[in-house]
Each structure stands twice: as structure tokens, then as C-alpha cells.
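Number of protein chains: 4
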Amino acid sequence: MQKLIPMTSGMNYHDYLQLDKILNAQFPESEKQKLPAHDEMLFIIIHQTYELWFKQLHHETDSIATFMKKPALNDNSPELQTVVHRLNRIVTIFRVLVHQIDVMETMTPMDFLDFRDMLRPASGFQSWQFKELEAKLGLKFHHRHGQEHYTSQLRAEHVGIIKKAETDKSLLDLVNDWLERMPLAPSWSSKNEGADSFWTDYRNLYINSLADAEKDNSQAFDEIFFDSGNSQDPADIKQRSLSAEACRAALFIMLYRGYPILQLPFQLLNGLLEIDEQLSNWRYRHMNMVHRMIGTRIGTGGSSGKNYLKAAADKHYIFREVAQLNSFLIERRKLPSLSTGMEKLLGFVHS
Amino acid sequence: MQKLIPMTSGMNYHDYLQLDKILNAQFPESEKQKLPAHDEMLFIIIHQTYELWFKQLHHETDSIATFMKKPALNDNSPELQTVVHRLNRIVTIFRVLVHQIDVMETMTPMDFLDFRDMLRPASGFQSWQFKELEAKLGLKFHHRHGQEHYTSQLRAEHVGIIKKAETDKSLLDLVNDWLERMPLAPSWSSKNEGADSFWTDYRNLYINSLADAEKDNSQAFDEIFFDSGNSQDPADIKQRSLSAEACRAALFIMLYRGYPILQLPFQLLNGLLEIDEQLSNWRYRHMNMVHRMIGTRIGTGGSSGKNYLKAAADKHYIFREVAQLNSFLIERRKLPSLSTGMEKLLGFVHS
Amino acid sequence: MQKLIPMTSGMNYHDYLQLDKILNAQFPESEKQKLPAHDEMLFIIIHQTYELWFKQLHHETDSIATFMKKPALNDNSPELQTVVHRLNRIVTIFRVLVHQIDVMETMTPMDFLDFRDMLRPASGFQSWQFKELEAKLGLKFHHRHGQEHYTSQLRAEHVGIIKKAETDKSLLDLVNDWLERMPLAPSWSSKNEGADSFWTDYRNLYINSLADAEKDNSQAFDEIFFDSGNSQDPADIKQRSLSAEACRAALFIMLYRGYPILQLPFQLLNGLLEIDEQLSNWRYRHMNMVHRMIGTRIGTGGSSGKNYLKAAADKHYIFREVAQLNSFLIERRKLPSLSTGMEKLLGFVHS
Amino acid sequence: MQKLIPMTSGMNYHDYLQLDKILNAQFPESEKQKLPAHDEMLFIIIHQTYELWFKQLHHETDSIATFMKKPALNDNSPELQTVVHRLNRIVTIFRVLVHQIDVMETMTPMDFLDFRDMLRPASGFQSWQFKELEAKLGLKFHHRHGQEHYTSQLRAEHVGIIKKAETDKSLLDLVNDWLERMPLAPSWSSKNEGADSFWTDYRNLYINSLADAEKDNSQAFDEIFFDSGNSQDPADIKQRSLSAEACRAALFIMLYRGYPILQLPFQLLNGLLEIDEQLSNWRYRHMNMVHRMIGTRIGTGGSSGKNYLKAAADKHYIFREVAQLNSFLIERRKLPSLSTGMEKLLGFVHS
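Residue numbers (our numbering), protein chains in the order written: chain A, 375 to 725; chain B, 375 to 725; chain C, 375 to 725; chain D, 375 to 725.
Just so you know, these hints were derived from the structure itself, not from any lab.
Just so you know, not all the hints are guaranteed correct.
For chains that are exact copies, the list does not tell them apart, and a pair is met inside one copy or across any two.
Pairs of lysine-lysine residues, derived as DSSO-like cross-links and limited to a Cα-Cα distance of at most 30 angstroms, are as follows [what the hints assert, rightly or not]: (1) K543 / K408; (2) K444 / K538; (3) K395 / K538; (4) K408 / K443; (5) K406 / K708; (6) K443 / K406; (7) K514 / K538; (8) K708 / K408; (9) K543 / K514; (10) K708 / K443; (11) K408 / K395; (12) K718 / K443; (13) K708 / K444; (14) K408 / K538.
Construct the entire structure; sequences and hints are all you get.
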């Protein structure tokens, strides 16, 4: 017979979810000021749900980072599958976050005006959890829009949390390391003779595939995959997060994604692009919503809301270096075929 | 120069949203029991977001009820517009709640099993806020599926809250009253001579429009709009929430929805149907998710999850009597035309 | 008994929908060239569904324009309700069009490469129906991005169709006319003495509400609502689609939207903004998809896909002058109250 | 320099998509009958888009079946990945089909009445493409609701197409065969000694995990995984589509999905459940929409629309035997651990 694992005594749904806390955490300013504005409750609750979801996104991101930090991600364990599964969950959660903007948009500009001035200087751009998340994923401080302001309205402890995330290895850094150390990397890296000829061949095929107007891509190819033309000036180099070696590994995965050992790595790279896309959708719809809500007025928090979001939408593409690789593919039917030995290495024992 | 209304001193985004509470309210059982299950955090957080949204749905429903309880809803004020606007917001929120099931579905059955037994007897069917919401909208206790259990796992105070909602006038009751007392009602009610002939005419047109296989609708017409055949037994009568008079008013609104004074009433009735549809989608997708998650196993909380939800999905249509009226329409081009006097009453002063 | 209107003889579902045509209209180039690419079918079919929906959007837009062209839109008829209903349908359709991009995104860059080169120079930017729709809604030729190319790949007859739409009154023009001739306009226009003082009052209230950093809005107010500072140079004036008088009417509707006669006009203006938002979402997601698909390569059709879409997304806001009005609202509790006579004019006969 | 593959001469976007056909295939009955009903165009176009998507769903399903029919699906090739990818695309398309119902719902019952009688007996339940798709996926004729009618309104050639699909191997049949012949099957099948003990162990663990109220699952376990109690009467047996051996393979995949060789098989099984879920959502929302549209009236085509759809929603679960397996899982931490030899077989050569 089943032994029920004894549960914390007296636990029920309400207590388990700590609803006494959760449901007693809404204190509209407009009520305190005796000028009740019906829609302020919506404003509070939607932001609270966003923050709960941000906590969940941290939970997933942290668990992914834990796996990715291991010296060797074990291909023969569920680890990589778990990483991909949780990346996909992050994407699914972001889709809900984007959708939630529909609810915010049921608040008309006039409804917002009823309590907007009471909120200054509190502003939705002050979510330290979100800034920390951006940093954990890979947004560098020097890419951040509005850097001079971004901590001015936060508690010191929260600034510290963000700064720590910025100095830790980000998911993007960890992806770079993982790509660099892929167990099969030597087989296709430029250090390996056969691989050398693989990349020479591929480079020729690629350059031949370019239309006249695309010829610049030839130089970009060499810079990205072979560091040519990159100055040794560290100030320059730091602008790139993925090394040439990591880029070659990633491109190889994209090209030969059908081989068993590359299937989940391909899904992983794809998951990163999906995250960027949802982040980008979220910022874009958020920007449009703010524009509809306050037009050219100043946002709560003192920023010109729309301009901030527009700049952020343009600058905060975290995985742009992964997305960029899609410019360097060639047609499947023209791909160099792999040696039997190589094919074997990419497959299962049993087959 | 703008006078900023002074805000609670020291207020920032984090404090305003009470994030110290909100973000410190997740205590997975699996951690307490030293058998950490990664996905329990998702389970907690998604339910907390549901509960936050339920609170918001109460906020909207209560404000709607406040307007609807007034002896006369002022057509010449923003009241009715506000009611319709907030009904639509409820629908928009429900769409997000339905969408959130996508996130729950990223938890596979095996992932759920990792902590499922630790949660018994806490169960998602124990949300008192949701039961209270159903009651406020109009779900009667005698229509509720699983009545014998529904309070057994709740705190006494929460049972009391639900019971109070069940005895108060529900939104459906308030809609009935509003339909009965519509300012124009006498002009089309059976108490009025011209109106009498309107309904006699309409009844004939409707019956003529029925195909042979639909002839039963003729009897239903008389029962619904003229109480014919309804026993005087109060036990029977209480099964219906809308009076014959209210049904006639609602049908009139549906038929002549284009006239100015009927436009928002039509949107109001439509909003009720949208709420039922979203509630129904939510239950249905929830049922399918539970089925995928636990199959024929017993749900946390001791119920057979899927069967409960299936029965509830069939029985908990709150505004079915409104939906039902759509069976009694006739083609627009065959509608009785209204007198000039009547048309004038349905319009604006200025035109 | 019901007389069934006799239907075209022999009609069934398949014939009614002309499925012999619809389902035999897919001829992949990759099959003709004996290099079958599985995903080309998806490419064809998704574009065909887009074109079908574009036809439906024209159907709705044309019907709206027919109503709006009437010398007086009858407030006491279903006309305005119908306009609003169909605007909302356009929005609902656009949401599906945005969602469909999810399907397109299941095509990976490598899958697309399998047939991409066979399609040149045919390109998705050559939808004459879409360009015609933009023109009908109100996109002026001089705002159009890439004007020099936009007709070069179209049949002459389709170029003619677009040019005609550009010279006809657009929906935006019709909205301007409707706002200018609103039956109540004299009561609040500057031609009316009381109204004069209304706008003087409102202007003061608005300017007092501005924070220091927003002071520029004061000048914009005068330009937009009173033509001050606008040169008489027709070349300049043509840049604006809404006259000062129309802008005042629209702002009045936004401010006093709760009065019965203003409720549907408010929904109409709101519908325009929703259309722009969905159009904008569609362009933005489309842009991101193209970027993921071809990176910095050249699009089918010879354009640099992403740059075209980015420029279009920035420049093709059709109803920006309506959106802009949201910058000129003041708090509801500070609104000038209307005279009893005015209130009466905004309401129903029966109340 | 790039050699452009020569394209069919003169091809442009309009011709490539056969828009002359597609955009000239809408002939509303209400126009023929000189009683124009604005919304009939929507009715036609939305059904045409459904049919186009159905064609695409056939394209994907057929390609999947082609792979699955191979005597051995090559694990070391992209085949399985392609199958999973296309299953996921089917799911993505179904999500759009579900979403499209939002557009249909913008047609109110009164709007539909304007042309509804002209369409009889053409009905949306007559889509032969959809019936064929159900059959291809695995719906058996004896599970089909309303079998006596289902072909009466179709052309003979289309009836033939459906009947052929019903006699061919369905996707469900192919999945059964694939599960039965999995390369590793002998290692865990009851024919193998060690495997024997694996299943004996697992059975004990499972039965011990059952709560008292779930004890019936023990008998179900033996019937499903070991054919116990199943009569040899072929009439009975044909009720099940998955053999005991296939069920064991599928359960093994669900339990040990983290091992490399089981990752895509797990995604494949999951894809089937997603398809059923979307099909089910589509039927359910369709049913609610029909209910709102015509209430208890008779549908075009003569069926009682809602009842048909309700019965179909209950009976047409195609992959229910896969879903059912989720009732037979045990907690991950209690799973029998696999031998090193077995683990090696489930992994990559290179690791």
C-alpha cells in the first residue's frame, strides 16, 4: 500500500500558497489619498504577476546555468534534455507575459491619469528582477540603454544583486564555453587537419553562394569564424561574446542538426533565439502600450517611457551573435558530406 | 506648474508592489522534505498568479455589481459604459488565464510525480476565491457539482465567504432586475397594448420560421417568454433565474441592438456570454491538462480530477439562460418594424 | 411552415467554397525544377491564407467607407454600431495574421534555403492587396517606404488599383470629415461662444498639468488644436491628415466618452488605434522572422528584407495623429463640467 | 558568383500564388439571390482558409507517414527529427485554427441568420479533407460519431478518398508498428530474461504506489501491458490500436526519456498528445460557437450542430491509448536503475 509522505501538518491549499500574504499585498495610493481610482488595483496586480513570473524565470535560468557550468555536460544523461526543456518553458512563460499586455491595454489613458501622478517616481522600469534577468541571460552593462539611471531608483541591495549578475558568467558566456569545449569540437576545429579542409571547403561554398550585393558577407565570414581583421585590442574584443571557435561549433550544429548528437544542441540554440524574440516582442508591445497610454508625456519614474523602450528594444538583443550565424548557411543539398567515421561519432551506439 | 500630489514618502516600485511579501511566499514542500523537485516552484507560482487574477476579477465584478444594484442605472451617464468596459476586461483576463495553462503543460507527468504526493490533501480545486467568484456571477449551490465536498477542505471563514456570496444577489440576478426595470420596458411589455400586439406578431413570425424538426421550440418560446406551462410550484420556478419579462427585454435588445439606447445593453449581454465561454474554455483545457497529467489517478485533494472537471464543465454554465435566447431570433429582414414614436424613444435628443 | 429559400441547385459545401479551385492552386517551383523542397508548400499556403484574409479586410474596410462617406452618419440608426463592429472584426483578423507568423517560424533557415533561390524575384513584399489596404486605410504615398520600388514587380493593373486607392478618400480622410461635421460640433467648436471659453479653459488646465520637462507640449497643443504656427504653405499642411477642428472633436470624445452619444465614437477612435497596433505588431514580428530566416542576406524580391520592414514599421503608422491626441488629456476629476443643456444634447430622449 | 537557378519565366508573387484563382473563388449565395448579407463573405473566406490549412496538414501528415512506413526508421539520420519537427508544426497550425474561431465569433447570431437558410444543405460538417485527416491520424470508422450520415452529402470521389484513408495504415497504426520494432525492444521486452524481471519489478513498484481508491489500476496494468484478461475474440481486440508490446515500449520511453536515444521518441509521443489536445480544443470551441450561433436550432446540413460536435468531442480522441499510459508512471526516484550495459546502448558512441 502506498505510504503517503507525511506532509506539513495542517497544510491546505490556502496556506500552501501563502495566500494570506499574497492577497493582502495590494495598497493603492489612490485610496490612501482618498481619491480612489478603480484601475490602480489592476496596475498593482498585473505588476505583481509579472514579478512572480520573473521569479519563476530566475528559477529556470539558474537551474539551466547550474547544468551549463559543469565541466562536461553529459550527453548521455538527461541534463541536456532538461536544459532544452527549461529553455522552452522560459519561452512559454514569455508568451504569457506578452499576452498580459492585452489586459493592461484595457486601461485607457483617462483611466490611468486618475492615479498616474500619485505613482511618481515609482515606475515599471524599476524592476530589479527584470534587470537581473537580462544580466543573467547575457546583457552587458555597456550595451544597456540608460545606464546612468538604471540603479538610481533601486535599493542598494538590489543594485548589488544586478551588479553581481553582471560580473558572473551569463548564460551567453556559458553557451560560449559549452560550444568551445564540445566533445566533438576537435574533429571539426581548425586545429584538426581534416577539419581544416572542411572549413576551407565550406568557406568556398559559402562565398560562391553569395549574390553580388551580398559580397560583404565574405569578409564578415572570416571575421566571425576566423577572427581575421579583429584587432587584438581587448577593448574591441570584449564587444563579442562568442569566440570564433564557438561560432564554428554553433554553425556546424545548425548545418548538421539532423545527426543524433546535434539534435538537442540545435534545439538549445534555437531556444536562445526564441527567448530573444519573445523578449523583443514584449519590449515592442510594451513600448506601443506606453505610447498609447501617455503619448509624449513623461513616464512614471521620470523617463520618457517610449524612447527608453524603443532604444532598449534596439539595443538589448542578447543572443544577436547566435542569430547572426543564420547569414552564413548554405543549401542543404550543397553541404560537404561527412566521412563515415565522423558520421559514426555523431550517432548512437545502437543502430 | 504642475503640483505633484505628494506620494507616500520613500515609495518606490519595490515597496509599492509589496515585493518583500510577494517574492518571499514560495515554500516548496519538496524542499522541506529534502527531496527537492524543481517543478514545484512552477506549481506554486502559477497558482499564486491565478489567485492574484482572481482577486482582480472580484474587484471588477464587485464594481459592476455596485452599478447594477442602483435602482436606476443612468443611461445618460458613463455607468453603463463602465459596466460594459469592465465586463470586457474580465473576458480579457480570462483569456490570459486560459493561456497560462500552456505553461502548466510544460510540466510533464513524471515531473509532477516528483512532488505530487507531498501535496495531498492540498488541491487546486480548493480555491475559495474561485468558488466565491462563481457564486457572485450566478452559480447556484444546487447547480454546483460535488456540493457535498466543496467546503470540506476550506477554512471556516472562507466557507462563510462563499455562502454569503451564494445568498447575496448575483450578477445574474442583478441583470434580471435590470432587464425587468428597463426604462422602456413598458413600451414593449405585455402590459402595454401595442407591445402585446408586437409580441403576438413576433411569436407568429418565429413559429413560421421553424423547420419541422424544430417545432418543439414553439412550446419553449411560450414557456420562456410567457411562463406558459410553468408550474406555480416555487420549487420549480427557482430553477430559472431570468423571468419571462426579463427574457422579453433581452430578446428585444438582441433583435434591435442597432438603436442607440440598446447598443450598450447588447454589449452587456454579449459580455456575459463571453465570460461563460472563457470560463468554459478554462475548465475544458484544465480538464484535459489534468487528464494528461494524472490520467485515471486520483487528484491531489482526493477527487478524481478529470471527472470533477468534466461534470463542472457541463453543469456550471452560468449565463445559459441568456445564451438560450439565441434560439428565438428571426431574420433581420423579417423583423416587425417599429413605430416612429418608438424609434424616437430609442434614440438621442440630438439627431 | 418554413419556406426554404431555394438554393442554387446541387450546391454542397465543396462546390459552395469552390474547393476545386482553392485546393488546386499550389504549384511549388521546387517540384517543377525536380528539386522538391518539402516546406515550399507551407510557404505557398500560408501566403494564400494571408491573401484570402486581405480580401476579407478589404470587404470590411469598403463597407465601413461606404457608411462613413454618407453626408450624415445617422446616430439613430445601426450604422455607427456596424462601423465599430467591423473595425473590431478587422482587429480580430489582424490578431490571427500576427499569430500565423508562429507557423512560418516553424520553417528553419535551412529549410527555407532549400527553395529560396528558386523564388527570386517573387517576394512577399509584392502583395498588391496589402499595399492597396494600407492606402485605403490612409497611408500616403509620400509616407511610404521604398516608394521607388513598390510597383516595379506588380502587374500594371494592380499598380493602377493601388494608385486609385491613394487618390480616393482614405478611411483616415473620412474620419476627419466625420469628426468635422459631427452634429454637435458647433456646440463645442471655436465658432461658438461658450465653446470658445470651453477650449480656453481646457487649454489652461492642460498647460497647468504639464511637468517642467513637458513644457514643449504647450506649443504642440496650439499647433494641433488651433493651427497656430502652421505655415499656410500647402506643402506643409498636406503633412497633416486631421484638421484642428477634427482634432478638437476627437479630443472632446476622448474626454467625455461616457456620455451616450460619444460612446460609439470613442469606440471608433479606439478601433483605429487597435488596427495600427496590430499592423505594427504584424510588421515587427514579420521583421524579426525575416531576420531570423535570412539574416543579412538579400530577401526574395531583391530587397534587404529586414531593413525594409524596419523602416516600414517606423514610418507606416497610419493613425498616428489620432494616437497623438492622448498626450493632451487631463485628469478626469479636473475636467470642466458641462452645462445641463449640453449634457442633455449628449443623451437619450428617454431617460 | 551565384548561379541563380532559373525560375519559371515571368513568375511574380501574384502568379506564383495563383491569386487569380484564389481571389476569384468567393460567390455568396446571398448575392445570387439579391438579398446581400455582408457577413457571408466572412463565412466563405474563413472556411476557405480552413481548407487550405487542412491541405497543409495532409502534406505534413503524409510526409510523416512516409518516414514511419520505412522498415527501420534510421536513428542515426535526420528522419526522426524531421518527424518530430513536422508533428510540432501540425500542432502550431492547429493553434491557429483554434484561434480563428475568434474571427467567426465576430459574426453575431442575427448576422448569420441573414444568409443561413440559403446555405442549407451545405454545412461545415461536410469537409471531406477534415474527415480524411481524422482517418489518416487514426480515427476508426466504428468510433466515428454519426457514421450513417457522414458521407451522404459528399461527392462519391471524396467518399472514396475517406474510405481509402480508413483502410490504409493510419499514423496511430504506424506508431504501433514503430514501437513494436524499436531496435532496443528485445532488451526490454518480455521475451528477454532480464527484461522480464524489469517488468516484474516495475509492476510491483507501480502497484505499491497506488492509493486504495486506485486499486482498479492494477488490473488495467495487466490488461494493457500484458494482454491479460483480453478475450481472444478479434471483435474485441480490434478495439485496441496499440499492442501490449507497443505499450511497454511507449511506457519505457516515458520513464527513461532522458537517455539520448529516447529523447526524440519521447517528443514524438508527446507530439501525438498535443495534436489530440488541439483537435479537442478546436472541437470544443467550435461546439460552443455553434451553440452561441444557433442555440437549439438545426445546423446547416440538417444536423443538430451542437450535439454532433459534443459527441464527436467525446468520442474522437485519436491517441487516447497513448494518453492513458500516463496513469501507469511511478516516481522518478523510485525507478529501477538500468544496467551499465543497457545505459550504454541508450547513448552515443562518443561520450
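- Query: Among all the numbered hints in the text so far, which are the ones the structure does not match?
  - Reply: none
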